[in-house]
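J.: Spelled out, the chains give:
2 protein chains.
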Amino acid sequence: MTDLKRSWVASANSAETPFPLNNLPYGVFSTAGGVRRQGVAIGDRVLDVAAMENGGLLDFGGALQAGGWNAFMARGKADWARLRETLTGMLAEGGDESLARYLVPLAEVTLHMPFDVTEYTDFYAGRHHAFNVGTMFRGPENALPPNWLHIPIGYNGRASSVVVSGTDVIRPNGQLKGPDDETPRFGPSQRFDIELEMGAIVGTASTGPISVAEAFENIFGYVLLNDWSARDIQAWEYQPLGPFQAKATATTISPWIVTAAALEPFRTSTPAREKPLLDYLAEPGPMLYDIELSVTLAPEGGAETVITRTNYDVMYYSAAQQLAHHTTSGCPMRVGDLLGSGTISGETKDSRGSLLELSWGGKEPITLDTGEPRSFIEDGDTLTLKGAAKGDGYQIGFGDCAGTLKPARNV
Amino acid sequence: MTDLKRSWVASANSAETPFPLNNLPYGVFSTAGGVRRQGVAIGDRVLDVAAMENGGLLDFGGALQAGGWNAFMARGKADWARLRETLTGMLAEGGDESLARYLVPLAEVTLHMPFDVTEYTDFYAGRHHAFNVGTMFRGPENALPPNWLHIPIGYNGRASSVVVSGTDVIRPNGQLKGPDDETPRFGPSQRFDIELEMGAIVGTASTGPISVAEAFENIFGYVLLNDWSARDIQAWEYQPLGPFQAKATATTISPWIVTAAALEPFRTSTPAREKPLLDYLAEPGPMLYDIELSVTLAPEGGAETVITRTNYDVMYYSAAQQLAHHTTSGCPMRVGDLLGSGTISGETKDSRGSLLELSWGGKEPITLDTGEPRSFIEDGDTLTLKGAAKGDGYQIGFGDCAGTLKPARNV
Chain A
24 MTDLKRSWVA
34 SANSAETPFP
44 LNNLPYGVFS
54 TAGGVRRQGV
64 AIGDRVLDVA
74 AMENGGLLDF
84 GGALQAGGWN
94 AFMARGKADW
104 ARLRETLTGM
114 LAEGGDESLA
124 RYLVPLAEVT
134 LHMPFDVTEY
144 TDFYAGRHHA
154 FNVGTMFRGP
164 ENALPPNWLH
174 IPIGYNGRAS
184 SVVVSGTDVI
194 RPNGQLKGPD
204 DETPRFGPSQ
214 RFDIELEMGA
224 IVGTASTGPI
234 SVAEAFENIF
244 GYVLLNDWSA
254 RDIQAWEYQP
264 LGPFQAKATA
274 TTISPWIVTA
284 AALEPFRTST
294 PAREKPLLDY
304 LAEPGPMLYD
314 IELSVTLAPE
324 GGAETVITRT
334 NYDVMYYSAA
344 QQLAHHTTSG
354 CPMRVGDLLG
364 SGTISGETKD
374 SRGSLLELSW
384 GGKEPITLDT
394 GEPRSFIEDG
404 DTLTLKGAAK
414 GDGYQIGFGD
424 CAGTLKPARN
434 V
Chain B
24 MTDLKRSWVA
34 SANSAETPFP
44 LNNLPYGVFS
54 TAGGVRRQGV
64 AIGDRVLDVA
74 AMENGGLLDF
84 GGALQAGGWN
94 AFMARGKADW
104 ARLRETLTGM
114 LAEGGDESLA
124 RYLVPLAEVT
134 LHMPFDVTEY
144 TDFYAGRHHA
154 FNVGTMFRGP
164 ENALPPNWLH
174 IPIGYNGRAS
184 SVVVSGTDVI
194 RPNGQLKGPD
204 DETPRFGPSQ
214 RFDIELEMGA
224 IVGTASTGPI
234 SVAEAFENIF
244 GYVLLNDWSA
254 RDIQAWEYQP
264 LGPFQAKATA
274 TTISPWIVTA
284 AALEPFRTST
294 PAREKPLLDY
304 LAEPGPMLYD
314 IELSVTLAPE
324 GGAETVITRT
334 NYDVMYYSAA
344 QQLAHHTTSG
354 CPMRVGDLLG
364 SGTISGETKD
374 SRGSLLELSW
384 GGKEPITLDT
394 GEPRSFIEDG
404 DTLTLKGAAK
414 GDGYQIGFGD
424 CAGTLKPARN
434 V
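Chains as they are written, first to last, in our numbering: chain A, 24 to 434; chain B, 24 to 434.
No lab work stands behind these hints, which were simulated from the structure alone. Since this is a predicted model, take the numbers as computed values, not measurements. Careful: at least some of the hints might be erroneous.
[What the hints assert, rightly or not] Rough simulated footprint, nothing fancy, chain A against chain B, three-plus residues with beta-carbon under 8 Å:
#1 195-203
#2 271-283
[Unchecked claim] FRET-style restraints, in silico, Cβ to Cβ:
#3 B:82 - A:204: 54 to 60 Å
#4 A:203 - B:206: 50 to 56 Å
#5 B:133 - A:99: 39 to 45 Å
#6 B:98 - A:189: 30 to 36 Å
#7 A:80 - B:133: 42 to 48 Å
#8 B:206 - A:80: 33 to 39 Å
#9 B:402 - A:357: 52 to 58 Å
[As the list claims (entries may be wrong)] With a Cα cut of at most 20 Å, we get these calculated PhoX-like pairs of lysine-lysine:
#10 A:200 - A:386
#11 A:298 - B:298
#12 B:200 - B:413
#13 A:200 - B:298
#14 B:28 - B:413
#15 B:413 - B:429
Note that CB positions come from ideal geometry on N, CA and C, so glycine has one too.
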């Protein structure tokens with residue numbers, strides 16, 4: 024574990040800031056009336072790297088002035104390292120304090136999607152989540168599908184529905200049919216839920232199958248990801264071809280891309296294999312990360328309650344394994360592809376990553392600090408994912424991943 | 024049914040050409056060493072509309088010089104009609120024969136993807152296909168999933184894998200596990216198959232739920248679509264979240280976008296409902312099309328055999344119904360989204376749209392005209408989808424949708 028790297032930006036040297044010099048996450052911001060600009064978070068500031076490239080202080084062929092990070096990612100690993108090294112040098116204690124003119128207070132900016140999501144794939148790699156959900160539907164003996172310990176199960180999600188933290192989410196309508204209903208009806212989902220996930224961003228394209236080692240190298244960075252899910256729509260629609268409209272309302276990501284480089288000191292191995300994996304899925308080294316995660320729920324106008332705490336390190340498959348599997352069929356991957364980890368649930372009841380699990384399908388509602396019960400999300404609730412890798416006297420934070428549920432449209 | 028519109032391009036007046044003046048489909052072509060240019064097929068020629076806009080003969084704000092049709096689609100319905108009317112007038116008998124200088128022989132061009140696929144969704148709307156597949160797996164009593172007559176079942180596919188006709192397809196590797204195997208193994212798919220489909224292209228974006236009538240207006244045009252499928256990979260991977268790598272090797276589309284305007288005389292209604300649909304899926308008018316379809320299979324170096332003949336008019340749900348359903352959750356749709364119809368199988372054995380059905384899961388191999396048996400696709404086989412709406416003395420053709428299967432990569 025490395026120590027805090029000290030910066031001449033004083034607020035970056037606090038143990039509490041999510042954005043010390045060790046982090047340098049990439050985002051897109053605007054100030055009042057301004058256009059979208061690429062920036063890098065440092066302490067309580069954003070470094071306006073778009074203006075720096077425009078002013079000749081950085082040169083990445085215009086890729087810092089594109090209003091999103093796809094063009095920069097496409098330039099490749101050498102440039103990923105060059106920008107990180109350059110900024111680390113510039114912002115370090117003894118660096119170039121004249122760059123203060125490119126710092127904008129975070130409190131004054133609006134954050135936007137940090138990159139264009141090319142395609143979005145969601146996985147199902149949480150051992151405890153799969154077991155919990157399987158137990159609810161099929162009993163503990165048959166909880167895990169037969170393929171689960173062999174395949175990082177995934178399905179294609181909807182890239183157009185991915186939004187940045189702070190975007191309101193409208194409760195979806197859909198076809199609903201309870202087990203005792205004779206016919207389906209159309210109306211608002213009554214079992215709208217979160218899924219606490221990490222999102223991995225593909226930074227290097229590939230056109231054929233790649234190894235787990237190559238996949239690891241191709242991942243540019245990570246975000247927090249909330250895969251909002253309508254459980255009742257899913258229950259009626261998902262056989263035989265999987266979830267569709269249940270997952271298409273919105274997927275919220277945190278606004279900063281935390282690079283794989285920043286997370287390097289926090290690499291950790293996936294848990295012991297319960298069954299041997301096929302060779303193409305073997306990990307040549309630790310490819311998961313130790314990232315502490317939590318979710319809060321705040322009713323409209325009320326205080327927030329921490330409803331779960333868990334860690335990314337519980338996942339059975341790493342993003343590198345998922346990406347390698349994704350390419351087995353020859354599926355081309357492109358810069359900006361987003362891979363959801365699957366719901367991150369720990370072993371204990373208070374570490375479950377969805378309300379479906381926390382309230383056990385609505386049978387055991389949780390109680391908020393305000394005294395209110397919750398089985399699923401109610402209109403006006405704000406759900407916030409938080410995450411940080413904890414170093415010695417510093418942390419690599421992600422910035423909040425938040426969304427407020429608004430009432431369904433009239434039908 | 025309208026009659027043939029006569030053109031001064033003589034080859035466009037034949038009853039056999041797929042591209043009479045009534046059609047005017049949109050593609051992208053190049054000549055030897057040249058860049059990709061937008062063109063319109065007329066008889067045995069391509070009209071170089073990119074050069075015409077560059078020369079001031081057409082003005083769509085540069086959208087005819089973008090190397091793909093997305094920018095043109097995004098200009099909206101008024102411009103869709105204006106280009107069609109303008110070209111119809113220019114190319115009609117008595118029109119502007121000086122435009123012959125913009126005609127390139129089709130025989131001399133290479134065709135490319137006509138548009139960038141933004142996202143790709145595949146549906147499962149063929150009544151007979153769903154019944155056949157369900158019968159093979161669950162018996163005829165339980166063949167149709169309970170939701171099938173209520174929901175146009177769909178799942179998200181992989182846009183990066185969509186390729187234009189003529190692109191070779193490499194047999195995929197993947198995890199395979201037969202019902203009697205103790206553990207899965209990794210190797211080439213042994214049950215690689217086609218799916219005969221139509222693809223609908225979204226030409227107008229939407230950001231919330233839309234009606235079936237709006238959805239119909241938002242569809243720009245159609246292509247033939249072959250959703251190559253690895254049945255054995257699918258069998259092991261698809262529970263519980265649907266097909267993933269089984270469908271990610273390739274999806275081939277025909278090279279010409281046949282516009283909804285060209286297909287207007289061929290509108291037909293979906294079949295009688297077996298169960299009433301919810302209001303949001305009701306069609307205000309006929310929104311399916313009468314399009315004759317066939318598939319040929321040619322072994323390497325051998326003659327082709329017609330392996331199936333069917334019609335798009337057998338589908339239970341129209342693309343407009345599918346698109347409306349796709350938006351129920353609030354899912355944003357974008358210009359260039361591609362919707363696969365689902366496999367188009369007729370009622371009779373010789374009208375089935377996949378080898379899985381034609382060979383009844385491999386139990387009843389078909390016999391090619393060459394005498395060879397086929398259950399699934401063999402290396403070197405070329406599969407070609409063909410389609411045309413038949414008018415009085417003319418036809419609206421799509422151009423072939425072909426691909427040759429190459430051997431799997433070594434693993």
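J.: Going through the earlier hints one by one, which of them does the structure break, listed in rising order?
T.: Of the numbered hints, 4, 5, 8, 9, 11, 12, 15 do not hold.
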